[in-house]
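S.K.: The primary structure of each chain is shown beneath.
Protein chains: 2
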Amino acid sequence: MSTYDAPLADQLFLMNEVLGLGEIAGFPGYEDATPDLVSAILEEAGKFGLEVLAPLNQPGDEQGCAFENGVVRTPDGFADAYAQFVETGWNSLGAPTEYDGQGMPSLVSTAVSEIWFGANMAFGLCPLLNQGGIEALTAYGSDELKATFLPKMVSGEWPSTMNLTESEAGSDLSQIGTKSVRDGEHYKITGQKIFISYGEHDMAANIVHLVLARSPDGPEGIKGLSLFLVPKVLVNDDGSLGERNDLRCVSIEHKLGIKASPTAVMSFGDDGGAIGYLIGEENHGIKNMFTMMNNTRLSVGLQGVGVAERAYQRALAYAKERVQGRDVDQSSAAIIHHPDVRRMLMAMKSQTEATRAVAYYMAACLDKARHHPNEQVRQENQAMADLLTPVVKAWSTDTGAAVADLGIQVHGGMGYIEETGAAQHLRDVRVTMIYEGTNGIQAADLVGRKVARENAESIKALISLMKNDLEGFGSDNRHLSNANDALTTATDWIIATSPTAPQRVAAGAVHYTRILGLTLGGWLMTKAASRALELTQNGTGDPGFLEAKVLSARFFADQFVSQVPALLELVQSGANTLEDLRDGHF
Amino acid sequence: MSTYDAPLADQLFLMNEVLGLGEIAGFPGYEDATPDLVSAILEEAGKFGLEVLAPLNQPGDEQGCAFENGVVRTPDGFADAYAQFVETGWNSLGAPTEYDGQGMPSLVSTAVSEIWFGANMAFGLCPLLNQGGIEALTAYGSDELKATFLPKMVSGEWPSTMNLTESEAGSDLSQIGTKSVRDGEHYKITGQKIFISYGEHDMAANIVHLVLARSPDGPEGIKGLSLFLVPKVLVNDDGSLGERNDLRCVSIEHKLGIKASPTAVMSFGDDGGAIGYLIGEENHGIKNMFTMMNNTRLSVGLQGVGVAERAYQRALAYAKERVQGRDVDQSSAAIIHHPDVRRMLMAMKSQTEATRAVAYYMAACLDKARHHPNEQVRQENQAMADLLTPVVKAWSTDTGAAVADLGIQVHGGMGYIEETGAAQHLRDVRVTMIYEGTNGIQAADLVGRKVARENAESIKALISLMKNDLEGFGSDNRHLSNANDALTTATDWIIATSPTAPQRVAAGAVHYTRILGLTLGGWLMTKAASRALELTQNGTGDPGFLEAKVLSARFFADQFVSQVPALLELVQSGANTLEDLRDGHF
Chain A
0 MSTYDAPLAD QLFLMNEVLG LGEIAGFPGY EDATPDLVSA ILEEAGKFGL EVLAPLNQPG
60 DEQGCAFENG VVRTPDGFAD AYAQFVETGW NSLGAPTEYD GQGMPSLVST AVSEIWFGAN
120 MAFGLCPLLN QGGIEALTAY GSDELKATFL PKMVSGEWPS TMNLTESEAG SDLSQIGTKS
180 VRDGEHYKIT GQKIFISYGE HDMAANIVHL VLARSPDGPE GIKGLSLFLV PKVLVNDDGS
240 LGERNDLRCV SIEHKLGIKA SPTAVMSFGD DGGAIGYLIG EENHGIKNMF TMMNNTRLSV
300 GLQGVGVAER AYQRALAYAK ERVQGRDVDQ SSAAIIHHPD VRRMLMAMKS QTEATRAVAY
360 YMAACLDKAR HHPNEQVRQE NQAMADLLTP VVKAWSTDTG AAVADLGIQV HGGMGYIEET
420 GAAQHLRDVR VTMIYEGTNG IQAADLVGRK VARENAESIK ALISLMKNDL EGFGSDNRHL
480 SNANDALTTA TDWIIATSPT APQRVAAGAV HYTRILGLTL GGWLMTKAAS RALELTQNGT
540 GDPGFLEAKV LSARFFADQF VSQVPALLEL VQSGANTLED LRDGHF
Chain B
0 MSTYDAPLAD QLFLMNEVLG LGEIAGFPGY EDATPDLVSA ILEEAGKFGL EVLAPLNQPG
60 DEQGCAFENG VVRTPDGFAD AYAQFVETGW NSLGAPTEYD GQGMPSLVST AVSEIWFGAN
120 MAFGLCPLLN QGGIEALTAY GSDELKATFL PKMVSGEWPS TMNLTESEAG SDLSQIGTKS
180 VRDGEHYKIT GQKIFISYGE HDMAANIVHL VLARSPDGPE GIKGLSLFLV PKVLVNDDGS
240 LGERNDLRCV SIEHKLGIKA SPTAVMSFGD DGGAIGYLIG EENHGIKNMF TMMNNTRLSV
300 GLQGVGVAER AYQRALAYAK ERVQGRDVDQ SSAAIIHHPD VRRMLMAMKS QTEATRAVAY
360 YMAACLDKAR HHPNEQVRQE NQAMADLLTP VVKAWSTDTG AAVADLGIQV HGGMGYIEET
420 GAAQHLRDVR VTMIYEGTNG IQAADLVGRK VARENAESIK ALISLMKNDL EGFGSDNRHL
480 SNANDALTTA TDWIIATSPT APQRVAAGAV HYTRILGLTL GGWLMTKAAS RALELTQNGT
540 GDPGFLEAKV LSARFFADQF VSQVPALLEL VQSGANTLED LRDGHF
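Protein chains in written order, with numbering that gives the first Met the number 0: chain A, 0 to 585; chain B, 0 to 585.
To be clear, the hints were calculated from the coordinates, so they are not data collected in a lab. The beta-carbon is built from N, C-alpha and C at its ideal position, and this holds for glycine as well. Take these hints with a grain of salt, some might be off.
Said to hold, decoys possible - Derived DSS-like pairs (lysine-lysine); straight-line CA-CA distance at most 30 Å:
1) Lys286(A) / Lys178(A)
2) Lys46(B) / Lys459(B)
3) Lys222(A) / Lys319(B)
4) Lys319(A) / Lys178(B)
5) Lys222(A) / Lys145(A)
6) Lys178(B) / Lys145(B)
7) Lys145(B) / Lys222(B)
8) Lys286(B) / Lys222(B)
9) Lys222(B) / Lys319(A)
10) Lys46(B) / Lys286(B)
11) Lys178(A) / Lys319(B)
12) Lys145(A) / Lys319(A)
What the hints assert, rightly or not - Stretches of chain A that chain B covers, calculated by requiring three or more beta carbons in the stretch to come under 8 Å of a beta carbon on chain B:
13) 39-53
14) 62-71
15) 231-245
16) 250-263
17) 554-563
As the list claims (entries may be wrong) - Over the 12 Å line for every Cβ pair with chain A, so calculated as not near, a few chain B residues:
18) Pro54
19) Asp142
20) Lys178
21) Asp201
22) Gly223
23) Asp339
24) Gly412
25) Ala442
26) Arg448
27) Ala508
28) Thr539
29) Val549
30) Leu567
31) Ser572
32) Glu578
Throw the hints in and build the complete structure from the sequences for me.
M.R.: Shown next, in the form of structure tokens:
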């Protein structure tokens, strides 16, 4: 039976010793985030994950969701677990205090989210989406809308969803056909949305749909879209629940994974129009929606990290207990002693740590962007978070899938049998490479909008920052230094090539994203190792744990960062052939 | 609905223009393999695949196998399709003529097998295993055993299985506990086997189990194993079917993929012992079994190729029909026009072609090993086939899974929905990295037994052969030339390091396998491109097809072969950290 222990020591080391949680807790607004409280929060989250969520992970996958007459039943235990989740206040951890949230730094809520995803990714998807809804409503909603909906969304009693995709509008939202018509103080919404995670379920009394729809008389394309709040159940003036709104779930999908998470086809306005309330201004739908998507993308990246961690734990446990073959001394050996199994486990461990470090680093940037006392620092960190968003989303999920795949391989034949649980991790995490914008779309965003923005200030600042650190790390940083040089070359090439040949840049975007992810990961792993050495010299901390940090960083540099210079060729060469290709050549 | 067209043009080009089928057809014993006949065979196989097997692929996955009271029901249509398969003689294509086989070259039966795997991998697994059984019995069986069983196995009426794995004996067959006791002219077999593909089913009147079991009084470990033929139904002296033998299917597995293929737990001898007949000599079980496994491993590699081809066809069809976003001229565009989708499709296409080329090259070596008139050439080619076996098995299946994974990504959100069919390809092909010896075991075999064998003659001959060809290819072979140099360095390192530090070599074995696969693939792709250029200059052949060969080779060199030099670091550096690791560091 697969289970999951939150990697508290790794998380706290990263937050406290590498990413400066202490400094962040000094910002006005984050004073509550003392080391003791943060540590207690993580410990409690770990307990909730282990005791409540993790045991439902595999049974939830086996049972899946059921759909009948418009009603969706989540697997046994999910509704009860969600009620406990709401009751114990987990949902409000990072939410603003003015709406009953606990206002914890993003760095803290990020660590807690990773635990939910590791314990039960399908479950964690519900609060993930709700988090995005809370952010959008907080930023753009009217006071009245906020007063009515935000406290219930923050508590989790009325979780929210994101209704973007339609059958002809996936990566290309300009094709959205869902309509809105003004009707007094609200709007009537009509149309069909697909791939709506938790679009319908039995875990809450109400569901708050955030719906991207065409404005009543806006321009064509993405500039004519508005964001609406469309509740499943209408809310009376006194805040009590009233009539059902004119929307329904038509069906749910049969998916490769996250089977405990209902993916709904939603129909709005079959009986004349669902009542919707405008969030922000008309025709600002895309902008408002992207506010929420940036943070959602960080969360999806964290799903990659969380599932990778769980897959690693599962594989490690199996490798310790499974005996096959002989050790060097001819005693029978657990497979963890076989060099190739050891290699796979270290690849899983070090990649998980590297993606965690980059995701948490982005969370720390978000905290500085929100609450750093200096305005310029705030701006710089927001720009840095924007730059990192597609990297965290794409690289962490590509890597999470690779780690889960290795997890299957460590199990040998047992990995292919569903009862083992290893295969579920790959099936589950595979969606993270696709949803909230495919990883190809993330890469296009990175090279097309983020790198060259504002004279490439953010990427150049990041490269300098990493370069300066290099010297402090000592002499054994050949791979990281080469990676940084390759990143610089690739970045310069993208900046130079984009204006005249954006298609050439687009053909290498995915590889550039990987270069940036690996270099960032290598940098932060080395920072962690460097700090571990310091602490060891000071005689502070668990020597075995600190040694492991150094070994993990070295393995990651040798086996992953070392590949970065060669990836430069991939960034630049893809277009050579693609330009000569006609459709008939396929 | 996903379907599959056999890639006849690609297959025939490779066989005729690159791998010298004409020469092979000149060997005594292969005279029937004229270009016209081979082309007709492939065309008929393509038709059978398209019309009979491919339509059962997705329904078979959805329905899966059912187990009740010891009886296994394969999905609707499978038994009928198998009856047709037997009736039309497909099973006997590569089998020896003295037992009613058609004696076609391995190069031809290899191409045909790829078609079965592309059309329906779960179905194709049954003849795949039977092929191995036929080879083992042909090589080592007594005349009497051959007379009784071979014709029925060759026709496919009594397909055979391989019973190796036990719950405590997976990669380590020395732990096999299944026992044999002499009982007159036969043996009594007792024990339990797991992961037995097609161990029980409703597609045939009898099943011929080849069972690896402990010899009555042999030594411990793998030297005390013998190979037995244990039929499901005993055969009377007149060749008719008699009583049920003392063996039964206990349960079938719930797997990630190939759900239409029953994976059985088999129990032998619950009522006193299943009657088994010795194949070859006592205690030679491992050697005899490996004879069959080498060819089975080529076939598993072909499963990687076949599924990759199908995944590519499915993704290509979707990319042509799915409209999202705008083209450069602002018209709405099928996603095949997006650079990153084009990159993914070319990665799928070129990798599929490269793995096909390497697998077929190995098949041509097998043909030369069997029927080349010169004894020395026969020996050299057998050694080359032995060397290539783990590469074809591991690299083709790693690559097949990577291609199927890209296939999901091309589909975006639809790729995650099972109805699309893209996800099934990944679920199915994932097992090929595991069964018939995990890819880690293949890599260990390559560096531990094959590379250094006989003073590394085969690998050195192969490297020279590739190096000599380089000059003939013209000037644009920077990547291939660098790859060959890296392969040479890696090989020298392995030969030098193995005697003193085999654990260091083992830690890099998987990466070395990849280096060899990529270099071989790049070489054969370049050979194909070179031949395509010649034919274009001669004005022979379809210019578009020939152009595509050149582009595909260039893309493969730029995007895959270019990475080989960097992999050298992975081969050599893995052990650095692993040697310092203690279990507590995980």
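S.K.: If a hint holds in the structure, say so; if it does not, say that too.
M.R.: Hints and how they fare:
no., hint, in the structure
1, Lys286(A) / Lys178(A), "holds (18 Å)"
2, Lys46(B) / Lys459(B), "violated (41 Å)"
3, Lys222(A) / Lys319(B), "holds (27 Å)"
4, Lys319(A) / Lys178(B), "holds (29 Å)"
5, Lys222(A) / Lys145(A), "holds (25 Å)"
6, Lys178(B) / Lys145(B), "holds (24 Å)"
7, Lys145(B) / Lys222(B), "holds (25 Å)"
8, Lys286(B) / Lys222(B), "holds (9 Å)"
9, Lys222(B) / Lys319(A), "holds (27 Å)"
10, Lys46(B) / Lys286(B), "violated (38 Å)"
11, Lys178(A) / Lys319(B), "holds (29 Å)"
12, Lys145(A) / Lys319(A), "violated (52 Å)"
13, 39-53, "violated (count 0)"
14, 62-71, "violated (count 0)"
15, 231-245, "violated (count 0)"
16, 250-263, "holds (count 5)"
17, 554-563, "holds (count 5)"
18, Pro54, "holds (20 Å)"
19, Asp142, "holds (36 Å)"
20, Lys178, "holds (20 Å)"
21, Asp201, "holds (23 Å)"
22, Gly223, "holds (16 Å)"
23, Asp339, "violated (4 Å)"
24, Gly412, "violated (5 Å)"
25, Ala442, "violated (7 Å)"
26, Arg448, "holds (15 Å)"
27, Ala508, "violated (6 Å)"
28, Thr539, "holds (19 Å)"
29, Val549, "violated (9 Å)"
30, Leu567, "violated (10 Å)"
31, Ser572, "violated (4 Å)"
32, Glu578, "violated (9 Å)"
The structure fails to meet hints 2, 10, 12, 13, 14, 15, 23, 24, 25, 27, 29, 30, 31, 32 from the earlier list, while all remaining hints are met.
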